[in-house]
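Position chain B against the provided structure of chain A, taking the given hints into account.
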Amino acid sequence: MKAVAKKRKTKVTPKRTNKKAHRTIAKTTARAATDHLREWLQMLAASPRLRLVDLTQTLSPDFPPIVLPPEMGQSRPFRMEQISRYDENGPAWYWNNVSFGEHTGTHFDAPIHWISGRDLPNNSVDALPVEHFIAPACVVDCSAEARADADFLLTVEHIQAWEQRHGRIAAGSWVLMRTDWSKRSDPVAYQNLDDTGQHTPGPDPACVRFLVTARNVLGFGTETIGTDAGQAAHFKPPYPCHYYMHGAGKYGLQCLCNLDLLPPTGALIVAAPLKILQGSGSPLRVFGLVPTRRRG
Amino acid sequence: MAQAPMRTKRKNPILRTPQPTLPPHARSRAALGLTAAAARGALELQVCRDCGAAQYPPREVCRECLSSRLMWGPHNGQGQLLTETVLRSAQELYFREHLPWRIGIVRLDGGATLVAYVHEGIGPAPCRVRVEAALDRAGEAVLVAVPPDKRTNFSADPKLREMTCDPQARKILVTDSKSAIGQAVVRALAAAGAEMIWVGEAEPWKKVAGTATLRDLPQVTAVPLDVTDSHSVRELAGEIGAKVDILVNTADCHRTLTIGARGALDTAQLEMDVNYFGLLRLAREFAPLLKARAADGPESSVAWVNVLSIFALSNYPPHGTYSASKAAALSLSQALRADLYTAGVRLINLFPGPVDDEWDQLEMPPKLSPNALAAAVVDALRGSMEDVYPGEVAQDWLARHRDNAKALERELSEGSR
Numbered sequence: 001m002k003a004v005a006k007k008r009k010t011k012v013t014p015k016r017t018n019k020k021a022h023r024t025i026a027k028t029t030a031r032a033a034t035d036h037l038r039e040w041l042q043m044l045a046a047s048p049r050l051r052l053v054d055l056t057q058t059l060s061p062d063f064p065p066i067v068l069p070p071e072m073g074q075s076r077p078f079r080m081e082q083i084s085r086y087d088e089n090g091p092a093w094y095w096n097n098v099s100f101g102e103h104t105g106t107h108f109d110a111p112i113h114w115i116s117g118r119d120l121p122n123n124s125v126d127a128l129p130v131e132h133f134i135a136p137a138c139v140v141d142c143s144a145e146a147r148a149d150a151d152f153l154l155t156v157e158h159i160q161a162w163e164q165r166h167g168r169i170a171a172g173s174w175v176l177m178r179t180d181w182s183k184r185s186d187p188v189a190y191q192n193l194d195d196t197g198q199h200t201p202g203p204d205p206a207c208v209r210f211l212v213t214a215r216n217v218l219g220f221g222t223e224t225i226g227t228d229a230g231q232a233a234h235f236k237p238p239y240p241c242h243y244y245m246h247g248a249g250k251y252g253l254q255c256l257c258n259l260d261l262l263p264p265t266g267a268l269i270v271a272a273p274l275k276i277l278q279g280s281g282s283p284l285r286v287f288g289l290v291p292t293r294r295r296g
Numbered sequence: 297m298a299q300a301p302m303r304t305k306r307k308n309p310i311l312r313t314p315q316p317t318l319p320p321h322a323r324s325r326a327a328l329g330l331t332a333a334a335a336r337g338a339l340e341l342q343v344c345r346d347c348g349a350a351q352y353p354p355r356e357v358c359r360e361c362l363s364s365r366l367m368w369g370p371h372n373g374q375g376q377l378l379t380e381t382v383l384r385s386a387q388e389l390y391f392r393e394h395l396p397w398r399i400g401i402v403r404l405d406g407g408a409t410l411v412a413y414v415h416e417g418i419g420p421a422p423c424r425v426r427v428e429a430a431l432d433r434a435g436e437a438v439l440v441a442v443p444p445d446k447r448t449n450f451s452a453d454p455k456l457r458e459m460t461c462d463p464q465a466r467k468i469l470v471t472d473s474k475s476a477i478g479q480a481v482v483r484a485l486a487a488a489g490a491e492m493i494w495v496g497e498a499e500p501w502k503k504v505a506g507t508a509t510l511r512d513l514p515q516v517t518a519v520p521l522d523v524t525d526s527h528s529v530r531e532l533a534g535e536i537g538a539k540v541d542i543l544v545n546t547a548d549c550h551r552t553l554t555i556g557a558r559g560a561l562d563t564a565q566l567e568m569d570v571n572y573f574g575l576l577r578l579a580r581e582f583a584p585l586l587k588a589r590a591a592d593g594p595e596s597s598v599a600w601v602n603v604l605s606i607f608a609l610s611n612y613p614p615h616g617t618y619s620a621s622k623a624a625a626l627s628l629s630q631a632l633r634a635d636l637y638t639a640g641v642r643l644i645n646l647f648p649g650p651v652d653d654e655w656d657q658l659e660m661p662p663k664l665s666p667n668a669l670a671a672a673v674v675d676a677l678r679g680s681m682e683d684v685y686p687g688e689v690a691q692d693w694l695a696r697h698r699d700n701a702k703a704l705e706r707e708l709s710e711g712s713r
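Those sequence lines, one after another, are chains A and B. 296 is the number that this note's numbering gives the last residue of the first sequence; the numbers go up by one with no jumps. 713 is the number that this note's numbering gives the last residue of the second sequence; the numbers go up by one with no jumps.
By construction, these hints were calculated from the structure, which means they are not laboratory data. These figures come from a predicted structure and were not determined experimentally. Ideal placement from N, C-alpha and C gives every residue a C-beta, glycine not left out. Be careful, since some hints might not be right.
[What the hints assert, rightly or not] Below, a list of computed lysine to aspartate or glutamate pairs in the EDC-like style, where the Cα atoms sit at most 16 Å apart:
no., chain 1, residue 1, chain 2, residue 2
1, B, K467, B, E491
2, B, K502, A, D180
3, B, K503, A, D194
4, B, K503, A, D54
5, B, K502, A, E88
[What the hints assert, rightly or not] To list a few chain A residues with every Cβ distance to chain B over 12 Å, as calculated:
no., residue
6, M43
7, T56
8, P64
9, S84
10, W95
11, E157
12, A189
13, A206
14, N216
15, L284
Bound conformation, chain A alone (with noise of 0.2 Å):
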């Protein structure tokens, strides 16, 4: 009897997303991507030069996963075992098995990775609309303020002073955040953790709501181990760029690199997960195409 009055409890507490709302923006959202998509391809086409830029970090067993309390559950670091290797397990071949956690390397999120997505149709990493792999990029700088303060937040004034000079964010667009934090090899400094926590740059929460209503976003790309800040565990709500951007349907990139090598805007970047039954998010490669001017 108990269980049966929890169930129908559960089932009358009205959910705190508007799936119909979400499905318009989704499918607005898919067609303005493959519209964009043919503008986009046009103009890389009619630049004289294109540039590849990955955007990539090598799956490796160095390579450092999110630090949570060792009582919870653990996301697994990337490892690889040799199968064969010309040898007599395999005279011809060489391969590997490897195992990880879907959110290891330069990784991609899902909406259906945190709760506030869950229950967002076509949520999962299988399920993803195909023409949102492709989308155009833009990169706000933050690299400077990041050197300044390992827990700088990017806020709506920050964005504001970006689109003044290179024009409004454009609804279906990644929004990259960049900070140079890939360029600290050493894996200690990339997880710059002390006793209070990871100190790691992010967007605040207005920042992350500004994007997501306002300018209607594919997704938002960080270079550092999670969207939201090292220290978004205190933010209100806890880790926003997570909990605003999936419960909208809205995609993670993480630890990218190579961002520098982006121009503010005019790059479309290739962002495929892999097609993970239920999956929550995959490790993947990303790439950039750049337009560039011809020298000289």
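Then chain B, alone, in the frame of chain A:
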């Protein structure tokens, strides 16, 4: 202040490294009872259940009454050295290389007469002695006559040092130096005179109190080592493996999950990855290197130490998956021990009860302090045994396990109902 590290004479690189030889190690099934007791550091003799006679050497039946109802019982080792001699010639390669060697005949109080190695601190015969059981380089029980009243130190005796794995002047790898146990072990080994201690550190971005001061010890060099990563283990073995005399595996993943707990499968895999596969990875890379240097002068490679858990003997359901991983490690360690003994390298397992650390926080005292466990590691290396049960809880569990393993299993499962 830290004790200055010992410096041994460097080896001449143009000479062939001597290969290990073993003392004769064939034993009858009955005689293995002596080895089983010696493995725990105990001297036990066959005692007849019918007539009460103690006998040596071990046989299938009682030599007094021919009863086959024999059991193994403890003996205090007190006796009389009747006569002694010095072995100056031998056909066995092992003895040939270690001549001269002092041996004697001892009559134990109670009647049994036996041949024993004779400690340099006693004699001349006849005199009172105490007989101890020790393990030789092949891991078989041998008997040693020592002074009857003093605590003996085999390491100080040039021949009996062969029965030990003394950390003095040796180069030691401690696989995980971040845990309280790991840190205590490193300090204890430094105090015991280790020449060099490499301390493994996994996940260097996680700073743990105490590791920084550990590095201040002159013997200590921190090295990256993550036993869950085959690549990391292989790299370290390549860099330092040919110098390691003693490997102390303190790497341990202890979570306190019952098997039905949410997330228990993933956590259990992590425990297995550290406690079982970690040992396997270390064994695959380091064991061949240890075996290759098992006769490399007075500071040769000698030992492998695993910090297991008393939960390896019988599952403690509140720590169900951890117990299973330690049982797996125990089983694997037996295979590793068999392999290492072919070169005379000893494998020592420690089976502590609950330790006074964060993962046994909710266990009731008595709990073993990390320092007490570290002292047990050093004692085991200085002594001559391979299974160590440090602390009251471990001793109690061992006694009950030996008495009735099934009853212990039931009693432990009661605690979780």
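Against the structure, the hints come out as follows:
A distance of roughly 6 Å separates the Cα atoms of K467/B and E491/B; the hinted pair therefore holds under the 16 Å criterion. For the proposed pair K502/B and D180/A, the alpha carbon gap of about 22 Å is over 16 Å, so the pair is violated. This hinted pair checks out: K503/B and D194/A have alpha carbons roughly 8 Å apart, not beyond 16 Å. In summary, the hint linking K503/B to D54/A is not supported, as the alpha carbons are separated by about 32 Å, beyond the 16 Å threshold.
Distance restraint check for K502/B and E88/A: the Cα-Cα separation of roughly 40 Å exceeds the 16 Å cut-off, and the hinted pair is therefore not satisfied. Distance check on M43/A: its Cβ is at least 42 Å (rounded) from any Cβ of chain B, clearing the 12 Å threshold; non-interface status holds. For T56/A, the shortest C-beta to C-beta distance to chain B comes to about 20 Å, beyond the 12 Å cut-off, and the non-interface label holds. Not every Cβ of chain B is farther than 12 Å from the Cβ of P64/A; the closest lies at roughly 6 Å, contradicting the non-interface assignment.
Remark: the non-interface label on S84/A is consistent with the geometry, its nearest Cβ contact in chain B lying 15 Å away (cut-off 12 Å). Every CB of chain B lies more than 12 Å from the CB of W95/A, the least distance being 15 Å, so the non-interface label holds. Every Cβ of chain B is farther than 12 Å from the Cβ of E157/A; the closest lies at roughly 32 Å, confirming the non-interface assignment. With a least CB separation of 9 Å from chain B, A189/A falls inside the 12 Å interface cut-off, contrary to its annotation.
Under the 12 Å C-beta cut-off, the non-interface status given to A206/A relative to chain B holds; the minimum distance is some 30 Å. For N216/A, the condition that its CB be more than 12 Å from all CB atoms of chain B holds, with the nearest at approximately 36 Å. Every C-beta of chain B lies more than 12 Å from that of L284/A, the closest at about 22 Å, which supports listing it as non-interface.
Of the numbered hints stated above, those contradicted by the structure are hints 2, 4, 5, 8 and 12, listed in ascending order.
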